[in-house]
Amino acid sequence: MNDKPVTLYRHMKDLPSTHLLGSGTAMCSGCGGLEALHEIYDIIGEKSLYVNAAGCMTLLSVYPFTPFRGSWLYTAMASAAAGAQGVRDALDILLEKKQMKADEDMQVVVLSGDGSAYGMGLSATSSAMERNLDFIYICYDNEGYGNTGQQYSGATPHAARTSTSKGSSGFRGFKKDLFSIWAAHKPTYVATVIGSEPVDLARKIEKAMQLKGPRLILALSPCPTGWDYDPQDSVEIGKLAVKTGIWPLKEYVDGKVRHTKLPKQRLSVDEYLKRQGRFNHLYQPDRNDKLINEIQIDVDDYWSEVVE
Amino acid sequence: MNRVLLTGNGAAAWGARLAQAEYIPAFPITPQTEIIETLAQWIDQDKMTARLVTLESEHSMITAAAAAAVTGVRVFSATSSQGLLYAMEMIYTVSGWRAPFVLVNVSRGLASPITLEPDHNDVLAARDSGCLQIHCSTCQEVLDNTLIAYRLAEDPRVRLPVIVNLDGFYLSFTREPVLLPEIESVKNFIGEYNPENMRFRAHEPMSHAVAVLGGAPYSYFRYQTHLAVENGLAVYDELAKEFEQQFGREYGVIENYFADDADYVFVMMDSFATKAKDAVDKLRATGWAIGLLRPRLIRPFPAERFRTLLSGKKAVAVIDQNISMGMGGVLHSELCTALYGQPQTPEIVASFIGGLGGRDITVEEFFEIAKSIRHADEINQTPSPRLLYTETELREIRKLQSLANVKLHGFGETS
Ligand SMILES: Cc1ncc(C[n+]2csc(CCOP(=O)(O)OP(=O)(O)O)c2C)c(N)n1
Ligand code: SF4
Ligand SMILES: [Mg+2]
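Sequence order for the protein chains is X and Y. Taken in order, the first sequence gives residues 1 to 308; the numbers are from our numbering. Taken in order, the second sequence gives residues 1001 to 1415; the numbers are from our numbering.
Hints are computed from structural coordinates only; laboratory data are not their basis. It is possible that part of the hints are untrue.
[Claimed, not checked] Where chain X lies over chain Y, by a calculated footprint (3+ residues, C-beta under 8 angstroms): (1) 1022–1028; (2) 1209–1216.
[Unchecked claim] For the chain Y half of the interface with chain X, some residues (derived, Cβ under 10 angstroms), not all of them: (3) V1053; (4) A1067; (5) V1070; (6) T1093; (7) W1097; (8) A1111; (9) P1113; (10) M1206; (11) T1225.
By construction, the Cβ of each residue, glycine as well, lies at the ideal position given by its N, Cα and C atoms.
Can you make the complete structure from the sequences, with help from the hints?
Given below as structure tokens:
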């Protein structure tokens, strides 16, 4: 199992140098979701069809322009996975009947935010997994309903301020574990990624592309607008999410979870939290030791169970 | 051609089979389930080549249906009532995708209270969606119009989803003799689905259903869909003529039952119209100049045809098997809109609501309705809308309420 997988991507210099996804979209500057999508698109390539659910990325394709070289189908907030089902089934029917050449086939990809992936779209996604649908699901997780102004969602972390959790403790709930929810379905592949770790990301997309069946790419997506920080800090914040152990980089294949990056000396969660306005209330006017500790303990507990 | 006994559901399933639907996203709901069970069985027995996929909801089912249609295969689906409402976000969405597929709706009253028997509030909730609607009153019509619906949906002048409606129980579970056309002749009529340039292929990338910014591009697409729905009227005429030439059965946009020489006209949709026909027969036997008009197409609404057919009539009774809360019968409003201010338009267009949740409309009630519009014409005054309900029915309800000791106050009970 621990054999080093064969990969094209070992170093930064191995990553594609030309980029496929067009620029000049309506996304905010410094959007960590778009950063991840750029990197993912370079590897999946243009023989792909993106089935989108309502969210920030819906505004990538605004009539009559699109940054995608391949195809695109916007559906609704709840049913992108069902859209992928319809497209995939239709392509299979056409291939079977030889009404379409094999090289006209495409990788079917769902592109949704966390609001959709963790919540409204989860039932459609779960049933797509039941049917072993051959698709890749990309969730850019900006930890809130970003497009509507960053209200808390099922992916919002404990204590974060959102536009519907502005009290002194921030969001009282806890981030849902979508990775495990997916893994419980025993799909082909589940992976967490982040745009600020492009080599790790590239390898995972590379691996996902070699497999068939339901595959999730869950990308933590630093969001300057919703998380309240300077857009130029997106990469830095992404790196801190990994170094503090808050965003474990891992994958699930063949019934096993493997961490792809073990932060040797984890930084304290402070390093990540204090960089973002959404956690300001944990430091101003006074440091909220109780809540910060809770967050730290949560992360420590997670890693104490990781044995590699 | 083969004569067989089929239920309305069976006829709908045969429509999908003969049209050679390739993809069938499904979800069970009474009284529609028999359709997807029949199709699933045929597929299992290799009598039909298609892929049937059960989604986890009708919302997903309609999404998958339209996604497959815009990828380039022929799609059939079916639902009813709560299912249609659960799918409603997508019913509106996929007409904007200009996705051609056929959806059979087996009408059933909507909750609350939850019930199984038919009325048309379910399908009328899709009225403004951009899907065309064909309403049927016999099993033969269900089969034939499912076939016509494919041509209509796929016609380049239309390119929209088409809903074929039949009433739950009264038609879905009623066996009638149906002439089954040979598959070869149906192939002749329908042909293969040609998605033209509307399909997904790796080397012909397409962005579908993209966002717009602002009212001008939005209006552009909404008007396009509206105009395409309107095209459906002339296209249906053409197709019905072609169908008649090939199969010998005639379908007009509006079924005209003795309305030409009538002074008084009933207007009704779907299978309860057969009850009105019976009343027309009996009334004509006693000397009444009365007839029935039953619109097959509800969307596009055949306004101009109604104007022509009703020109010079003394009085019209619209019997709605639906209720728009706080307004009344939907067909009544639509017909009034079509007729108002037109030359020679009937002065009396009266509204009656009945048949909700499958409540019967008796022949005596039709007689009463006829009398009431004749009287209205004599005194030249339109009666106020009538909710059909008998004293006996109310007495029965009161009896049950008192037996169960139901407390009525506080619920806005109106007597
Ligand atoms: C049925 C439905 N309810 C609500 C909305 C409004 N809405 C549009 S985008 C959005 C947020 C989606 O959140 P997420 O999936 O996290 O994507 P993000 O906006 O963060 O990119 C919401 C609530 C909608 N489009 N459809
Ligand atoms: S709100 Fe956040 S996720 Fe949405 S476009 Fe802006 S930066 Fe990206
Ligand atoms: Mg989000």
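Cross-check of the supplied hints:
{"no.": "1", "hint": "1022–1028", "in the structure": "holds (count 3)"}
{"no.": "2", "hint": "1209–1216", "in the structure": "holds (count 5)"}
{"no.": "3", "hint": "V1053", "in the structure": "holds (6 angstroms)"}
{"no.": "4", "hint": "A1067", "in the structure": "holds (3 angstroms)"}
{"no.": "5", "hint": "V1070", "in the structure": "holds (7 angstroms)"}
{"no.": "6", "hint": "T1093", "in the structure": "holds (6 angstroms)"}
{"no.": "7", "hint": "W1097", "in the structure": "holds (8 angstroms)"}
{"no.": "8", "hint": "A1111", "in the structure": "violated (20 angstroms)"}
{"no.": "9", "hint": "P1113", "in the structure": "violated (26 angstroms)"}
{"no.": "10", "hint": "M1206", "in the structure": "holds (5 angstroms)"}
{"no.": "11", "hint": "T1225", "in the structure": "violated (14 angstroms)"}
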